[in-house]
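Engineer: Read off the chains here:
2 protein chains.
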Amino acid sequence: MLFSVQVEVTLRQGVADPQGATIERSLPHLGFDGVKGVRVGKSIRFDLEAADEASARAEVEDLTQRFLTNPVIEDSTISIVAGANA
Amino acid sequence: MLFSVQVEVTLRQGVADPQGATIERSLPHLGFDGVKGVRVGKSIRFDLEAADEASARAEVEDLTQRFLTNPVIEDSTISIVAGANA
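In order, the protein sequence lines correspond to chains D and R. Position 52 (the first sequence) corresponds to 263 in the working numbering; numbering is contiguous. Position 75 (the second sequence) corresponds to 286 in the working numbering; numbering is contiguous.
Isolated chain D, as found in the complex:
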């Protein structure tokens, strides 16, 4: 069965985010006020062939912890839906 997976990788709270800080500092000069707390993370999408949703989730959690994130400074959020990514 094919599952469409999204892993969002974000920096943990308290970890400095220079990319986000630069965006936040620039926007008021460019005419956009009222933007606060910009954080830049990664969004990794893929299709996964697995027997069922439980085994798909177990595999994705394992590979996310081991290869897609640095658990010291990053958190991850996994979403899995049946069917291929568009």
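Take the hints with a grain of salt, since some may be wrong.
Repeated chains share a single entry, so a pair holds when one copy, or any two copies, can fit it.
[As the list claims (entries may be wrong)] With a cut-off of at most 20 Å between alpha-carbon atoms, the simulated SDA-like pairs for lysine to any residue come out as follows:
| id | residue 1 | residue 2 |
| --- | --- | --- |
| 1 | Lys247 | Gly231 |
| 2 | Lys253 | Ile289 |
| 3 | Lys253 | Phe278 |
| 4 | Lys247 | Met212 |
| 5 | Lys247 | Asp273 |
| 6 | Lys253 | Thr221 |
| 7 | Lys247 | Thr221 |
| 8 | Lys247 | Arg236 |
| 9 | Lys247 | Ala227 |
| 10 | Lys247 | Gln276 |
| 11 | Lys247 | Glu235 |
| 12 | Lys253 | Pro282 |
| 13 | Lys253 | Gln230 |
| 14 | Lys247 | Leu222 |
| 15 | Lys253 | Gln276 |
| 16 | Lys247 | Val226 |
| 17 | Lys247 | Asp228 |
| 18 | Lys253 | Val220 |
| 19 | Lys247 | Gly225 |
| 20 | Lys247 | Ser237 |
| 21 | Lys247 | Glu272 |
No lab work stands behind these hints: they were computed from the structure.
Using the hints, position chain R against chain D.
Structural biologist: Just chain R, lined up with the frame of chain D:
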């Protein structure tokens, strides 16, 4: 009113994604089979102060088109919910 905004920036279909290709090539050697079509994008989250949801969306669409994406090679998906990001 405070809105919590997520902008997902993805490479357009057909644009080469070396980061995704490297992940996809590596995973089978690391014991994870069945992963296909890996694409790596950005997830940008921030809080936005705006009068209502319609004006929040208009502001976010404008700044996303102009500053957060390169429309030649990137697509964006915007989600806005009332309340601050966690």
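Engineer: Now tell me, hint by hint, if it's right for this structure.
Structural biologist: Going down the list of hints, with the structure as the test:
no.	hint	result
1	Lys247 <-> Gly231	within (10 Å within a copy, 30 Å between copies)
2	Lys253 <-> Ile289	both (12 Å within a copy, 15 Å between copies)
3	Lys253 <-> Phe278	both (13 Å within a copy, 17 Å between copies)
4	Lys247 <-> Met212	between (41 Å within a copy, 13 Å between copies)
5	Lys247 <-> Asp273	between (33 Å within a copy, 17 Å between copies)
6	Lys253 <-> Thr221	both (7 Å within a copy, 10 Å between copies)
7	Lys247 <-> Thr221	within (16 Å within a copy, 23 Å between copies)
8	Lys247 <-> Arg236	within (9 Å within a copy, 38 Å between copies)
9	Lys247 <-> Ala227	within (15 Å within a copy, 32 Å between copies)
10	Lys247 <-> Gln276	between (29 Å within a copy, 19 Å between copies)
11	Lys247 <-> Glu235	within (7 Å within a copy, 35 Å between copies)
12	Lys253 <-> Pro282	both (14 Å within a copy, 18 Å between copies)
13	Lys253 <-> Gln230	both (12 Å within a copy, 11 Å between copies)
14	Lys247 <-> Leu222	within (16 Å within a copy, 26 Å between copies)
15	Lys253 <-> Gln276	both (14 Å within a copy, 19 Å between copies)
16	Lys247 <-> Val226	within (16 Å within a copy, 31 Å between copies)
17	Lys247 <-> Asp228	within (13 Å within a copy, 30 Å between copies)
18	Lys253 <-> Val220	both (5 Å within a copy, 9 Å between copies)
19	Lys247 <-> Gly225	within (15 Å within a copy, 34 Å between copies)
20	Lys247 <-> Ser237	within (11 Å within a copy, 37 Å between copies)
21	Lys247 <-> Glu272	between (31 Å within a copy, 16 Å between copies)
Violation of the numbered hints given earlier is absent; every hint is satisfied by the structure.
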